[in-house]
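Asks: So the sequences go chain by chain: P and R.
With numbering that gives the first Met the number 0 applied, the first sequence covers 0 to 280.
With numbering that gives the first Met the number 0 applied, the second sequence covers 0 to 299.
The set of hints was computed from the structure by calculation and includes no laboratory data.
Wrong hints could be hidden among the right ones.
Straight line, CA to CA, 25 angstroms or less: simulated PhoX-like cross-link-like pairs of lysine-lysine [to be verified]:
1) P:Lys169 to P:Lys104
2) R:Lys63 to P:Lys10
3) P:Lys66 to P:Lys141
4) R:Lys50 to R:Lys63
5) P:Lys102 to P:Lys169
6) R:Lys146 to P:Lys45
Coverage of chain P stretches by chain R, computed from C-beta distances (three or more under 8 angstroms per stretch; other residues unrestricted) [claimed, not checked]:
7) 12-22
8) 72-78
9) 141-149
A virtual CB, placed ideally from N, CA and C, is assigned to each residue, including glycine.
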Amino acid sequence: MQSPIKHPAVKIIFYAILLIWAVSVLYPLLWTLLDALKNNQQFLSKAPWALPDVPLLWSNFSYVWEKYSFSSYFLNSIIVTAGSVLLGLLLSASTAYVLARYKFKGSNALYLLYIASMMVPFVLALIPLFFLMNSLHLINTKIGLIFVYTSSVLAFGIFVLVGFFRSLPKDLEEAAVVDGASHFGTFFRVMLPLSQPGLITVAIVNVLNIWNEYIMGTILVNDPAQYTLPVEIGVMQAEMQYRTEWGPLFAALLITIIPVLVMYIFFQRQIANGITAGAVK
Amino acid sequence: MKRGTASFSRNIFIAAFTLPTLLFFCLFTIWPVVQALYYSLFDWSGMAQHKTFIGFDNFVDMFKDPIVWRAIGNDYFLVAGKIVGIMLLATFFAVALTRFNFKLAGFFRSIFFIPNVISVVVVGVLWNFIYNPQIGFLNGFLSLFTKEQVTIAWLGFPSHTIWMLLPPAIWAGIGFYMILLIAAIQNIPSSYFEAADMEGAGQWRQFRSITLPLIWEQMKVSILNIMMTTLNGSFVIVWLMTEGGPDNSTQVMGSYLYQMAFRQYHFGFGAAIGVLILVLSLITTIVLQRIMRQETIEMI
Numbered sequence: 000m001q002s003p004i005k006h007p008a009v010k011i012i013f014y015a016i017l018l019i020w021a022v023s024v025l026y027p028l029l030w031t032l033l034d035a036l037k038n039n040q041q042f043l044s045k046a047p048w049a050l051p052d053v054p055l056l057w058s059n060f061s062y063v064w065e066k067y068s069f070s071s072y073f074l075n076s077i078i079v080t081a082g083s084v085l086l087g088l089l090l091s092a093s094t095a096y097v098l099a100r101y102k103f104k105g106s107n108a109l110y111l112l113y114i115a116s117m118m119v120p121f122v123l124a125l126i127p128l129f130f131l132m133n134s135l136h137l138i139n140t141k142i143g144l145i146f147v148y149t150s151s152v153l154a155f156g157i158f159v160l161v162g163f164f165r166s167l168p169k170d171l172e173e174a175a176v177v178d179g180a181s182h183f184g185t186f187f188r189v190m191l192p193l194s195q196p197g198l199i200t201v202a203i204v205n206v207l208n209i210w211n212e213y214i215m216g217t218i219l220v221n222d223p224a225q226y227t228l229p230v231e232i233g234v235m236q237a238e239m240q241y242r243t244e245w246g247p248l249f250a251a252l253l254i255t256i257i258p259v260l261v262m263y264i265f266f267q268r269q270i271a272n273g274i275t276a277g278a279v280k
Numbered sequence: 000m001k002r003g004t005a006s007f008s009r010n011i012f013i014a015a016f017t018l019p020t021l022l023f024f025c026l027f028t029i030w031p032v033v034q035a036l037y038y039s040l041f042d043w044s045g046m047a048q049h050k051t052f053i054g055f056d057n058f059v060d061m062f063k064d065p066i067v068w069r070a071i072g073n074d075y076f077l078v079a080g081k082i083v084g085i086m087l088l089a090t091f092f093a094v095a096l097t098r099f100n101f102k103l104a105g106f107f108r109s110i111f112f113i114p115n116v117i118s119v120v121v122v123g124v125l126w127n128f129i130y131n132p133q134i135g136f137l138n139g140f141l142s143l144f145t146k147e148q149v150t151i152a153w154l155g156f157p158s159h160t161i162w163m164l165l166p167p168a169i170w171a172g173i174g175f176y177m178i179l180l181i182a183a184i185q186n187i188p189s190s191y192f193e194a195a196d197m198e199g200a201g202q203w204r205q206f207r208s209i210t211l212p213l214i215w216e217q218m219k220v221s222i223l224n225i226m227m228t229t230l231n232g233s234f235v236i237v238w239l240m241t242e243g244g245p246d247n248s249t250q251v252m253g254s255y256l257y258q259m260a261f262r263q264y265h266f267g268f269g270a271a272i273g274v275l276i277l278v279l280s281l282i283t284t285i286v287l288q289r290i291m292r293q294e295t296i297e298m299i
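The shape of chain R in the complex, shown without the other chains (with noise of 0.2 angstroms):
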């Protein structure tokens, strides 16, 4: 009996713990991802009674849109320039701010952190500001090397507009992952580059064949976690600062999702290329997972 007491009250416990949490996550983030992919096989402007079951036609339409393959492309041109980007300077940033013996190097540390306190919407209307072809300081900068004021709309060209986003996107992202890669490199025992040391390694050597494979790991993390987060939230950058133009040329799979369902009342097109967005990550993680993989062994 008094076992059965006792059991009875851990099991309250246990449900008293989890359920509420439970609850609350199946209901706002369990269901509406699943709902999503329902969502996706039917054509419907949001209201109920026009919801009609097409099936694929979705996703049929969306292989045969040209905005979507030019979407595909741009989000796959920003998790690259991202990745090179982010991790050529983060990496760099780490390891010249633990390995050397930089004065101030708590300072540039704490700084370089910063825009990533700031919130996205921020950073976006920051950089329209820099670019702005009047009053920004990018042509206000150029304009003191020529005679007459530089007036470049930088972000008016559908040719190269895309290429404008990336400087905001690593000036945004670079912190995160240089505390990821400092934490990883204070983790390394000292020993490994005394040793290296009194061989005689220099630094270059020590990071080779030292600092290189040791934080291999947390790399691929960061490089997975620039791919995640490129392919899923980086619209919000484009849509702050260009909403996906002009004439298309910087649409990404998540702006057009939203043009699609929120501007334009497609919320069936707009649930399926949610879908995408998952299969191609979820596509993506596998594939960067099987060529890191390989990169290691090369390495060792």
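Isolated chain P (complex conformation) (with noise of 0.2 angstroms):
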């Protein structure tokens, strides 16, 4: 079916440009694990690409761990993300399933609310959600993420996942009509088991999204027991100026980068639809 190349120079010139770029991946990642197993008289006497000595310096991972409480952050992020991504698939698919099969007055002008949202660009935003939230007593807490970072993958979950049931074959809604299940029923038994891979590519999108989020958690939090992983890398790459601990941080990107790399070795499929639903508007 493809047309292969021709001429073996073309192929090698191509292949090297691939290469080279995987290389450009691929390096800064093997090198932050390097690095995370090196101490500074490591880091000043040797050449940068030199590999650690050994004994390797684990006690990288478990110093940040323990010292630096990354096991705290670790939990928080994991308890903001799960909170956020699941009330933001409750929320959307609920939406989104309305849009998809029931005509009401107005549900035309909902649908255009959400999808001309993602035009806005969020940092204008910013300013008003900090007081909001603050007079909300919801700054410096999880909920007040979770809250947030909720509103802010709805959009995006109602705008895939209403393309989703629109793609399901109404027939057997209506036998569950017909069988005599309500509303609500048809929807919880029939229509979500259908939609689950749908439902599974917004998940991970939004994992991805929200496990990785900066900056609002950097406005909306400054109590440090409530720090998400990534507001703590912002503020351990601050403190560097005052103290050198170039191993320690090294291993602190790697524990932020290790579940959401495991998730997309196994969840690639699913990224990818997420991307090109998401882009076609």
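Put the two chains together into one complex; each comes in its own frame, and the hints tell you how they fit.
Replies: Okay, here's the thing in structure tokens:
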């Protein structure tokens, strides 16, 4: 089906470019791992790509995990991510289902409102959001972050899931209604299980985004006990001006990256689906 | 009567399934946006009692502030640099990984997307270390070719520092657009390429006459998306890597908003910068769409 490249020289150039880019992606990650196992003396006396000395300093990991309280930031990140992904899924799936299957006054306007909001720069809302959360006493709380993150993923979820619900055959629903199922029953027992692939796609993309979110976390949380991982990474980098703990910082970066990397390895297809579904407007 | 209850329960269902979402969305997304427009008309240090209505004075001050102009220039520099860098590479990778029989195409594709799953804060910190004059591997690499140890402070030259922000932004952005374009290319019926093959059209010709026109819609979406996300979000990487410095040389609108509001407590002025970002991204969207529409006509 595909036409092979005729000139070997062209092929080699193409391969070379692909390889160079692959190295430029992978090497910084490998470098992060190697540096996470070094002490300051090794940083200063050896070339940047020198392998770490044996014994490897795995203690950098336990050091950030315990002394820097990464165990609790990790837990905070998990709670906030899980909470907002689940709440976001519930709210976007319910609205998406109604928008896909029911005609009512204003249903079109409602859909447009969600879609149009994707065009508004969120940086605009940063300042008012801070004061809103302050007046609701939701600053420095996980529940506050969960609410803001949930709201931030609604439009994307609704957009993708409306498309998904519309693609499902109507017969099944009609059969459920004939069997006497209520609107709620039809949704929870028939449509929700059927839409699992769509829900998983939305959930995965949202997990990545929320786990990695930095700026709202920084503005809405200033109590170290409530930090998420990205917020602490930012703080830790700023502190590096006063104390140099490069090894632990690299270990901290890895602790933040590894969960999403593992997730990416398992759910590549869903992530690609989410991207293509979300970008086709 | 029976019809009445049926439509009643239908309405209850619709309300139960739309109102909670809408309430959430209005409170945490719509309301803050509306509030931002309102705040931009005040001189306000963040304490309720000091909020004074000043009309459009924030906007007047904003346009008199040379840093704002510099920030706008930097924003558009990043927009242009990212559009060129990302689109060239992402298109190249998408074509190379779909149209040529490369072994390992799946492997490359998986690898190239990895930077997109990494948090922007990690990207920023990581690249800070790549650029680090003492322990960074950029200097380490250059030192291989020189007698003396290279100790360039890559982020330390006001006239060029903004350039240094492009590589991390492009590095972190390519995978997403590559996936989009790969999907677009895979949607092209393979019979088109087969026919071209039979007519003896080479790869370059096929790219120009088949692939490019048929993925142009996706490319337009990508270009608009790069523009919007850059005007909207590039300040995070700026803030992490240079804090807008040295000497405001890398300030972008978003980082200046952040600095004005959350460091210097000029919340009204910060909100006005937010409005500026909104207006500029709307105008740029319209202008870009105009330009790219003409482009399509020329190509066909």
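Asks: Looking at the structure, which of the earlier hints fail to hold?
Replies: 2 and 8
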